[in-house]
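A.B. asks: Each chain is listed here by its residues.
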Amino acid sequence: MSTVEIEAPGTVRIWLRRLRSLEFILGAVLTVAMIGLVLASGLIFPDGGDAMDLTARLTPPFQSWAHPLGTDPLGRDVLARVVVGGKISLTVGFLSVLGAVVVGTVMGLVAGYYRGVWDMILMRFADVQLALPFILLAITFTAILGADLWNLILFMIIAQWVQYARVMRASVLSLRDREFIQSARSFGVRDLRILLHHILPNAYGPVLILMTLNVANNILLESSLTFLGLGVDPMIPSWGGMLADGRSYLQTAWWVSVFPGLAIMLTVLGLNLLGDWLRDFLDPTSKA
Amino acid sequence: MSAAPADALLSVRSLTVEFPTDNGPFTAVENLSFDVEPGKTLAIVGESGSGKSVTSLAVLRLTDYANGRIRSGSILFKPRSGGVIDLAKASGDTLRAVRGNEIAMIFQEPMTSLNPVFTIGDQISEAIVLHQGVGVREARREAKALLDKVRLPDAGRLLDRFPHQLSGGMRQRVMIAMALSCRPKLLIADEPTTALDVTIQAQILNTVRELQREMGTAVIFITHDMGVVTEMADDVVVMYRGRKVEAGPVRQIFSAPRHPYTRALLAAVPRLGSMTGEPLPKRFPLVVMEGEATRSTGEERVQDTADYSRPLLAVDKLTTRFDIARTALGRVTHRVHAVEQVSFDIFPGETLALVGESGSGKSTVGRAIQQLLTPTGGEIRFEGRALAAMSAAERRRLKRDIQYIFQDPFASLDPRQKVGFSIAEPILTHGLMTDRKAIERRVHELLDQVGLRPEHARRYPHEFSGGQRQRICIARALSCDPKLIIADESVSALDVSIQAQIVNLLMELQERRRLSYLFITHDMAVVEKVSHRVAVMYLGQIVELGPRRAVFEDPRHSYTKKLLAAVPIPDPDRRIDTRLITGEIPSPIRAAGDEPALHRHVEVAPGHWVAVETAGSRTP
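As they're listed, the protein sequences go chains A and B. The opening position of the first sequence corresponds to residue 1 in full-length UniProt numbering, with each subsequent residue numbered one higher. The opening position of the second sequence corresponds to residue 1 in full-length UniProt numbering, with each subsequent residue numbered one higher.
Next up, chain A with everything else stripped away, as it sits in the complex (with noise of 0.2 Å):
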């Protein structure tokens, strides 16, 4: 049989065949623009929506030009919070979800290699870990060290990185006997490298899953504990919050909450979308 020979197309033509697809467009456009207002909320709203029109109370949205999406019942701009409201949002979203996978990805990446007394210790840690109501702990973690952004942030990842720790985990184990592993053993590669070039690349893809999953879960769960006053200072603004807030007006001014759960939605989506997609472009096998 002769040899099976594949094209080798221009770099810069896969590269755009890639690019051109849905997911990443539709992904990478609601990102940025996400993003975009968020860090331009500065300039766009100085007043960081606290601004209070207390004469245009509940103002439906699409009325007036002075508030596009609205007021809430203090008379706020509804498009103002949601845009500043982001910040607290997206601040809690990434870095308790970023700080969570280094810590989940290095723990399991060690446990499932070198099993034995790492793996005991490290996911035993983890049992405990999940055994402990969150809510107990949340409060506990506050009552110790106050209740403010980043302590809100730390505290997700302490409370978050077991979930990132054993999906690594369960991929090493899958990976660490396979053939091309110890053929690298075998060849006396160190075991620093057999992990960032072998079984790092082979194994964060259900992590990288998680990853977009939780960001969304825990703009949420910065909501609640800012509600039970576990979290951020109430007064400011964020996406969980305003939520919280336009709860008991939902039968007659739904846009208060119905925006920034839009905002919420739209931010998943996104991610989910660039998610998918990053995955599959970073696996090789699965380049047309």
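Calculated directly from the structure, the hints in this document are not laboratory data. Since the model is a prediction, treat every value here as computed from it, not as a measurement. We treat Cβ as the ideally placed atom computed from N, Cα and C, and that holds for glycine. Hints should not be assumed to be uniformly reliable.
Computed list of lysine to aspartate or glutamate pairs in EDC-like fashion (alpha-carbon distance at most 20 Å, straight line) [to be verified]:
| no. | chain 1 | residue 1 | chain 2 | residue 2 |
| --- | --- | --- | --- | --- |
| 1 | B | K418 | A | E179 |
| 2 | B | K418 | A | D283 |
| 3 | B | K78 | B | D35 |
| 4 | B | K418 | A | D280 |
Partial chain A-side listing against chain B, Cβ under 10 Å, derived [stated by the list, open to error]:
| no. | residue |
| --- | --- |
| 5 | E179 |
| 6 | I181 |
| 7 | R185 |
| 8 | S186 |
| 9 | V189 |
| 10 | T285 |
Heads up, incomplete: computed chain B residues facing chain A, CB under 10 Å, no partners named [claimed, not checked]:
| no. | residue |
| --- | --- |
| 11 | F406 |
| 12 | L413 |
| 13 | P461 |
Keeping the supplied structure of chain A fixed, place chain B upon it in accordance with the hints.
C.D. replies: Okay, now just chain B, sitting in the frame of chain A:
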């Protein structure tokens, strides 16, 4: 072939099967016609990608489940009830009535085709209840009778066992029993013995033949192994790239092949006994297919490369055991005695073949030498230095001098790294070169040496065929100029024509670089072609060790004789002598304290050592 013969049980006419892909439909089988007569065996032979398995699936329309489509052609089958059905157009209900009942199928992997959570008895009776409408108790009785029929000992107790408690050969017999439960008129066997050891393969083939005689079942036998074809077939269809290139009675195909592909295929098949009288391994020119024509490459060369003055590697009383079961207090109760007191030398430029069936411990020996596991006892010396006495740096250095090529070229390359990276990795690991340009040049040079092109370095492993990937693995093994290469079943997973090319490449590299090989394999025919000396392993111990010619032409140990007798030879006039071949390979698991009896070896001729067979240590 024109009109179907009136007595054909199955007539396939102009069958074309397509699979939709992103780049338009892929035609897996094109315009294929053949007939199967009642009680006869038709072998469909071809290499990977030839469409032989798709053909077998298409007959039962199982291609529907694989997203395939029969674009044209007919599959005419004569069921028991009379008349003729065209399976290519039949309805779902008709197909279900035919599948399993009239046409049964057995697959390559007996482990994955049995459901692990049900007992053997449950699974066989399920098929009987389903197709024959009898009660459960009746079905169970029938199941026991079937197990007896496929020559499984102790059938009554076997019914309550789970698949994982059976050996591979036993599982395949269970599969055959299930397939025969409805007394089908046609049995389709897709590579049913490929995953089995040769002695077990011989037994299974024998069982299928006997059952066929008894029940008058017609058989379609899909295989890539020309030796198996001559054992089983009355007629042969040779497939190449989805098309039939030649068909005819088995003798005619083997004695007077007409199509160039058939000739190339037959020329590439290693034949046991082809080296009789030759003291040294020899390279032969190869006939390779290029498009539709053949071309001859390489030259005939005697492989006189070995230098017997000082051994490169000495293995002395190597023992490796694995603890597998402990009491609650941590005391070991059972151990796998993988390797027991194995000793041999490898000399510079020499190929030593380590032969044995699964569970013989041959791979464990290789892994111990490569430091992939720590032996329980014994000594390994490389160029006179004992491994145990080496410093960490020296041991690392040894991983440069000894390289390991694994069996599966698909699994031993990192799918996420480009081929160039994989080949450069040993160089980077040992810091042999630091200049990026120089490394790149070296990678290109290595690719060139193994017959690939420099631009291949930028591609990923999945873009290559199996043979190309094994070449990449060889290039990687060569990258830091090793002295010894351990090839663990490195050609077993490849098609015969590719296998012959890789074997030639290994021998050519040996001559050019004075490489030594430890060639670990179960394939006696390949061993005969490549090796200077042969060591036969059985249950963790060497039972025979000597020059290849002595071991092959004058085997002394009963196990060596059995192993040689079990190899199917691609010659329709020579069939396996099945009287020699009975029994399973015993388990190497023993209770703690129950040490296996060690063989005593005697030298029957210069350099030819054989284990003494006493009544106690006798192997079957």
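A.B. asks: Taken at face value, is the distance from the CA of A:D283 to the CA of B:K418 at most 20 Å?
C.D. replies: 12 Å, holds
A.B. asks: Should the interface hint for A:T285 be scored as holding, given a Cβ-Cβ cut-off of 10 Å against chain B?
C.D. replies: With Cβ-Cβ at 5 Å, under 10 Å, it holds.
A.B. asks: Per the CB criterion, is A:S186 less than 10 Å away from chain B?
C.D. replies: Hint holds; A:S186 Cβ to chain B Cβ min 4 Å, cut 10 Å.
A.B. asks: Hint validation: A:R185 versus chain B, beta carbon distance must be below 10 Å. Holds or violated?
C.D. replies: 7 Å, holds
A.B. asks: Taking only the CA atoms, is the gap from B:K418 to A:E179 under or equal to 20 Å?
C.D. replies: Cα-Cα ~16 Å, so holds.
A.B. asks: Holds or violated: is the Cβ of B:F406 closer than 10 Å to a Cβ in chain A?
C.D. replies: This interface hint holds because 5 Å falls under the 10 Å limit.
A.B. asks: Is the shortest C-beta separation between A:E179 and chain B less than 10 Å?
C.D. replies: Given a least distance of 4 Å, the restraint on A:E179 holds.
A.B. asks: Could you check if A:I181 really has its C-beta closer than 10 Å to a C-beta on chain B?
C.D. replies: OK, holds: A:I181 within 10 Å of chain B, min 8 Å.
A.B. asks: Check the hint pairing B:K78 with B:D35 against an upper bound of 20 Å on the C-alpha distance.
C.D. replies: Between B:K78 and B:D35 the Cα gap is close to 12 Å, so the pair holds against 20 Å.
A.B. asks: Hint B:P461 vs chain A: min CB-CB distance below 10 Å?
C.D. replies: 8 Å, holds
A.B. asks: Has the given pair, B:K418 with A:D280, been kept, meaning a C-alpha gap of at most 20 Å?
C.D. replies: 16 Å, holds
A.B. asks: Tell me if B:L413 is really an interface residue toward chain A, meaning its C-beta lies closer than 10 Å to one of theirs.
C.D. replies: 6 Å, holds
Taken one by one, the earlier hints all hold for this structure without exception.
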